[in-house]
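Peer 1: Residues per chain, in single letters:
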Amino acid sequence: MARRSTSGRAGQGTWWAGLPGLAYLVALVLAPLVIIVIFSFLSRAKLGVGVKWEFTVQPYVELFYSESLSGERSFDPTYLQIFFNSVVYSLITAVACLVLSIPIALWIATRPPKWRTLLVFLVTIPFWTSLLIRTYAFVIILNDNGPINGALTGLGILSEPIPMLYTPFATIVGLVYSFLPFMILPIYASAERFDFRLAEAAYDLGATKGRVLMRIVLPAVRPGIIAGLILVFIPALGSFLAPELLGGGKTSMIANVIAAQFGASRNWPFGAALSVMVLVIVMLALVAFAVVARRSSRRGSQQSLESLL
Amino acid sequence: MAATEASALSIRNVSKAFPTPEGGEVKALDDVSLDVADGSFMVLLGPSGCGKTTLLRCIAGLESPDSGEIDLKGTRIDDVPVWKRRVNTVFQSYALFPHMTVTQNVAFGLQMDKLPKGEIAQKVDRSLELVRLTGLGGRRSSQLSGGQQQRVALARALAKEPEVLLLDEPLSALDLKLRRGMQLELKRLQQETHITFVLVTHDQDEAMSMGDRVAVFNEGRIVQVGEPREVYLRPRTRFVADFIGEANIVDVVTEGGGAAITGWGAIPGESWAADSPAIGDGRRVAAVRPEDVMLTAGGDGRFPIIDATFIGGDLHAVVQVGDMTLAARQPAADATGLSTGGRCDVAFRAGSLRIVED
Amino acid sequence: MKSPRGTGTSLKNFPLFGPVAAIVFGFLYIPLVFVVGYSFNSNRVVTVWKGFSLEWYADVLTNDDIQRAVINSLRVASISTVLSVIFATGLAIGLLRMARAGKTAAWSLIMAPLVIPEIVFAIGTLALFVQIRFPLGVDAITLAHTAFCIPFALLPIRARLRSVDLTVYEAAADLGANEWVIFRRITLPLLAPGIVAGALLAFIISLDDFIVSYFLAGAGGTTLPVYIFGMIRNAITPGVNALSTLLLLVSVVIVTVSYIIARRRR
Numbered sequence: 001m002a003r004r005s006t007s008g009r010a011g012q013g014t015w016w017a018g019l020p021g022l023a024y025l026v027a028l029v030l031a032p033l034v035i036i037v038i039f040s041f042l043s044r045a046k047l048g049v050g051v052k053w054e055f056t057v058q059p060y061v062e063l064f065y066s067e068s069l070s071g072e073r074s075f076d077p078t079y080l081q082i083f084f085n086s087v088v089y090s091l092i093t094a095v096a097c098l099v100l101s102i103p104i105a106l107w108i109a110t111r112p113p114k115w116r117t118l119l120v121f122l123v124t125i126p127f128w129t130s131l132l133i134r135t136y137a138f139v140i141i142l143n144d145n146g147p148i149n150g151a152l153t154g155l156g157i158l159s160e161p162i163p164m165l166y167t168p169f170a171t172i173v174g175l176v177y178s179f180l181p182f183m184i185l186p187i188y189a190s191a192e193r194f195d196f197r198l199a200e201a202a203y204d205l206g207a208t209k210g211r212v213l214m215r216i217v218l219p220a221v222r223p224g225i226i227a228g229l230i231l232v233f234i235p236a237l238g239s240f241l242a243p244e245l246l247g248g249g250k251t252s253m254i255a256n257v258i259a260a261q262f263g264a265s266r267n268w269p270f271g272a273a274l275s276v277m278v279l280v281i282v283m284l285a286l287v288a289f290a291v292v293a294r295r296s297s298r299r300g301s302q303q304s305l306e307s308l309l
Numbered sequence: 001m002a003a004t005e006a007s008a009l010s011i012r013n014v015s016k017a018f019p020t021p022e023g024g025e026v027k028a029l030d031d032v033s034l035d036v037a038d039g040s041f042m043v044l045l046g047p048s049g050c051g052k053t054t055l056l057r058c059i060a061g062l063e064s065p066d067s068g069e070i071d072l073k074g075t076r077i078d079d080v081p082v083w084k085r086r087v088n089t090v091f092q093s094y095a096l097f098p099h100m101t102v103t104q105n106v107a108f109g110l111q112m113d114k115l116p117k118g119e120i121a122q123k124v125d126r127s128l129e130l131v132r133l134t135g136l137g138g139r140r141s142s143q144l145s146g147g148q149q150q151r152v153a154l155a156r157a158l159a160k161e162p163e164v165l166l167l168d169e170p171l172s173a174l175d176l177k178l179r180r181g182m183q184l185e186l187k188r189l190q191q192e193t194h195i196t197f198v199l200v201t202h203d204q205d206e207a208m209s210m211g212d213r214v215a216v217f218n219e220g221r222i223v224q225v226g227e228p229r230e231v232y233l234r235p236r237t238r239f240v241a242d243f244i245g246e247a248n249i250v251d252v253v254t255e256g257g258g259a260a261i262t263g264w265g266a267i268p269g270e271s272w273a274a275d276s277p278a279i280g281d282g283r284r285v286a287a288v289r290p291e292d293v294m295l296t297a298g299g300d301g302r303f304p305i306i307d308a309t310f311i312g313g314d315l316h317a318v319v320q321v322g323d324m325t326l327a328a329r330q331p332a333a334d335a336t337g338l339s340t341g342g343r344c345d346v347a348f349r350a351g352s353l354r355i356v357e358d
Numbered sequence: 001m002k003s004p005r006g007t008g009t010s011l012k013n014f015p016l017f018g019p020v021a022a023i024v025f026g027f028l029y030i031p032l033v034f035v036v037g038y039s040f041n042s043n044r045v046v047t048v049w050k051g052f053s054l055e056w057y058a059d060v061l062t063n064d065d066i067q068r069a070v071i072n073s074l075r076v077a078s079i080s081t082v083l084s085v086i087f088a089t090g091l092a093i094g095l096l097r098m099a100r101a102g103k104t105a106a107w108s109l110i111m112a113p114l115v116i117p118e119i120v121f122a123i124g125t126l127a128l129f130v131q132i133r134f135p136l137g138v139d140a141i142t143l144a145h146t147a148f149c150i151p152f153a154l155l156p157i158r159a160r161l162r163s164v165d166l167t168v169y170e171a172a173a174d175l176g177a178n179e180w181v182i183f184r185r186i187t188l189p190l191l192a193p194g195i196v197a198g199a200l201l202a203f204i205i206s207l208d209d210f211i212v213s214y215f216l217a218g219a220g221g222t223t224l225p226v227y228i229f230g231m232i233r234n235a236i237t238p239g240v241n242a243l244s245t246l247l248l249l250v251s252v253v254i255v256t257v258s259y260i261i262a263r264r265r266r
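Chains as they are written, first to last, in the working numbering: chain A, 1 to 309; chain B, 1 to 358; chain C, 1 to 266.
The shape of chain A in the complex, shown without the other chains:
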C-alpha cells in the first residue's frame, strides 16, 4: 500500500526550498572562510598578489617575530600590541555605548506605547545609513576648523583649536557613534518586556528610584545588556573605517592592518593569518556570550538579538 507521509503538513512546503540559499551561502560565506584559513598556511607570492602554494607557518610566526635585514629573528610585539589595542578600544566602545544607551532605552520604554514605535524608528534610522558617511561626519566635526573647535575658539574658551582628529579619542568617538543603535535596541527590547508592576511593588515597599533602578530594573534588562555588549564589541573589533578615517596613522586596529596586507604591503598569507586570529577572538567572545547568556534568560537575549532587525 502506498503511504504518503503528508502527516499534518499539507501545503507548507519542504525543507528542500532552503537548499539553493544554503548552497549559495556555502559557496560565498563558508568557502571564503575556508580559503582564508588555507591561505594562512601558505607562502607569500613573489609579486604580492595571491599566494604561493607552499605550506609554511611563517605567517603565524610573523605575528610574533620580525626578521631584521641580516636575517636575525627577534620578538616583535607590534601586532600583538595592535590586537591588544583593538580589544581595548572595542571594550571602551562597548562600555561607552552601554552608559549612553541605558538612559535612552529605558526612557523610550517608559513612554506611552504609541510613541515607542516612532521613537525606536528614529533610533534605527542612523543604523540604516552608510557607515562611511556616519564616520566621515566626524571628520568634519572633529576637524581643527570644525564646528566644535570653531565654537570653543569663538567663545574664547580656547585660544587655539585642539587637535581632536587623528587621535585614539576620535577613533573611539567614531566607533561609539557607529554602534550606538546596536546597544540601544537590544536593551530597549528587554526593557519593553519588563513588567513595570514589579517596580511599582518595590516603590510601594519604600524603595527609592535609585534602588529600583539598580536592584530591579537593570537586572531585569540584563539579557538586553549582554546582547548589546556582544553586538557592539564584535563589530567594533573588526572596524576599518573609524580607525582609518579618524585615527590617522596612530590608531591602527586589526582591520587596517589586514587591509594593508591585501593592499600596499602585499602579504596575503599574513593578512589571512591575522584574519584567522580575529575569527578566533570572535569565537571566544561568542562562547563567552553564550555562557553568560545561559545563566540569565536565554530567550531574552535571543529576542534582543532578533529585535535588531
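Don't take each hint at face value.
Said to hold, decoys possible - Sample of chain C residues facing chain A (criterion: CB under 8 angstroms; computed from the structure):
| no. | residue |
| --- | --- |
| 1 | ALA21 |
| 2 | PRO31 |
| 3 | PHE87 |
| 4 | ALA112 |
| 5 | PHE121 |
| 6 | ALA192 |
| 7 | ILE204 |
| 8 | VAL240 |
| 9 | VAL252 |
Note that these hints are calculated values from the structure, not bench results.
Backbone N, C-alpha and C define an ideal beta-carbon position, used for all residues, glycine too.
With chain A fixed as given, assemble chains B and C onto it according to the hints.
Peer 2: Okay, now just chains B and C, sitting in the frame of chain A:
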C-alpha cells in the same frame, strides 16, 4: 453495522500512532471501524485527545493512517492525496484566506476544479445564499464577526458539493446563543443539501441535538455507535454512561439468586432495564441516571443527605449510600422535606438500572 | 513597559533620563545634520561656513565618474536585492520544515555574515575570486553583496511566514490545491509584505556597503561609497558633503517607506 451500498464512508481497521517527544508512541487511533450512511449526519463525540479529530483528518487526507482502509462510495481513498479527494473540511479556526475576499474564498475550490468563470460565479452565489451571507461577498475575513467567518468557511467547503463534508469542532469558538442557533442551521443545511456530514465535537449536547447517529470515542477506540437516544438510554460502558448525560456508577454483587448494591440492599427485579446485559465477567457495575434516583424524606431514612440545592425547578441532591455517593435529581414538587443534613430513603425507578462494561 | 493599571507616570521617569535621552538623540543625528548642512556651504573650505549654495550638487551630479559610480551602485544593489530575496524566501520556507540539527547549522551559516567582521568577509571573498580566477568588478561585488543581504532579507520574510495560521495551507489543500498552486496563490501573496520589507532592507544594505565593495571593485567596479571614500582620502572636497547627503536621503527614504509598509499591514 455492515457496509451497505448506501454507505458514503467506510472506515475499516484504521490505526494511527504519533511519536512522543520522549521517543515513544501514542496510539491516536486503535483499530477503528465505522460506516457512515449516505446523506446522514454522523457525529464523532469524545473528550479531547480521544482520536476523533485524527480520524477526521485521515478522512480528509491531512493525515495518513498507519494501517487500515478508508473507502468513499466504494472507492479506496486513503492513498489518494488530499487535494484530489471529493471531501471538504470546515476547520475549527475557519482558516479563511486572509488576503482574499469572501467571494474569492468561496470561489477558490471551484477554481481548483477548473470550472468556467460564469459557473463559478453562480455556485458562489448559491453557496452564500445557502449560509445566508448574500451581499457580504466583498468583505475580507477581518471585517466579519466570528459567526459570519464560520459561515464563509461552510460556504467555501459546500461550494464544491463534496461527497462528504467534515466539520472539526465548528461551534467551539462561538458563544452560547450563537451556538444554539448554528446547531439548528447545520442540521437544516445537511437536510437541504443531502450531503453526508461528519462532525467532530466534545460537547454531548451538540452531538445529541444534531446527529442522526453518534460514535462515541475514548482513547483511540469507538466504544459505542448508535442513534443519540439509543446511546443516551442504553449506554454500553461506564465511560459512555458517564460522558453522555450524568450517571451514577454503582458496584453490584451477586447475592443469592439476584444482585445487590453494597450498602443499599438487594435490587428488585423491576429496577433493571429490560435490555440490560446480564452480570458477568467484567460486568459488575451498573449505571443509573440521577433523574431515576428517587429520594423520600423521613427522619428514619437510612441515608444522610450531603447536599441539596435547588437549581431551576429541580432539586439536585447528593446522598451518601455506604461507601459511595449518589447524585439524584427530582422536581421540586416531589422534594418536600429534603434538605442538606437531613436523612432520606433511596429507591430506583423501574427499568432504570443497567449493567455497563467497566 | 507594561503597566496595565495606568498608574502615575511620574513613577516611570527616572531622574535625568529624559535629558540624557534627548542628548543621545541629538548625538545620533547632529553629525548627519552637519554633513547635510555643509553640503550647502558655498565655501571651498569645508568646515567654515560662508553662504548658501547648490554648486556642489551641480558639480557632483554632472561628474562622469560619479555617474558611473552611481550606476554601478544601483546595478549591484538591484541584482543583489532580487537574488537575496529569492534565496531568503526559499530559506524561510525551508527553515520552517527543518529538523533541529539542520536548523541550527543553517542558522549559523545564514547569520555568519553578520557575526564575522566585515573585513574578514571582504578579503575572504577576494581570495575566493582570485583563486577561481573570477574577475573583480561589479559582478563580483554583486555576488558578495547577495550573500550578506540574505540574512537581512530573511528576517522580515520569516517573521511574516510565522504569523500565518498553518491551517490555511491545509484548507487550501483540502479544497483541491496541490503544493505549487498553494505556493503561488496562498504562500506568496501572504508573504508579500515581508518580501517587500526584506527587499528594501537588502537594497539599502547593498547600497551603503563600503568594505566589501572596496576590495572587490577592481578596475571598473567603483561603487558610490568607494568613490566617496576616495574623495575623503585624497582631499576633502565639498562635493563629498553633497554626495553624502544624497546617499543619506536615499537611505532615509527607503527605510521610512519600509517602516510605513510594515505598519500598514499590521
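Peer 1: Holds or violated: is the Cβ of PRO31 (chain C) closer than 8 angstroms to a Cβ in chain A?
Peer 2: holds, 4 angstroms
Peer 1: Quick check on the hint: PHE87 (chain C) CB to chain A CB, less than 8 angstroms?
Peer 2: OK, holds: PHE87 (chain C) within 8 angstroms of chain A, min 4 angstroms.
Peer 1: Does the closest beta carbon of chain A sit nearer than 8 angstroms to the beta carbon of ALA192 (chain C)?
Peer 2: violated, 16 angstroms
Peer 1: Interface hint check: ALA112 (chain C), Cβ to nearest Cβ on chain A, cutoff 8 angstroms. Holds or violated?
Peer 2: holds, 5 angstroms
Peer 1: Given a cut of 8 angstroms on the nearest C-beta pair, is the interface hint for VAL240 (chain C) held or broken against chain A?
Peer 2: This interface hint holds because 7 angstroms falls under the 8 angstroms limit.
Peer 1: Hey, does the ILE204 (chain C) contact hint survive, CB to chain A under 8 angstroms?
Peer 2: holds, 5 angstroms
Peer 1: Would the hint on ALA21 (chain C) be counted as holding, given a Cβ-Cβ threshold of 8 angstroms to chain A?
Peer 2: holds, 4 angstroms
Peer 1: Could you check if VAL252 (chain C) really has its C-beta closer than 8 angstroms to a C-beta on chain A?
Peer 2: holds, 6 angstroms
Peer 1: Can we keep the PHE121 (chain C) interface hint, with Cβ of chain A closer than 8 angstroms?
Peer 2: PHE121 (chain C) check passes; min Cβ-Cβ to chain A is 7 angstroms, inside 8 angstroms.
This entry does not satisfy hint 6, going by the numbered hints stated previously; all others are met.
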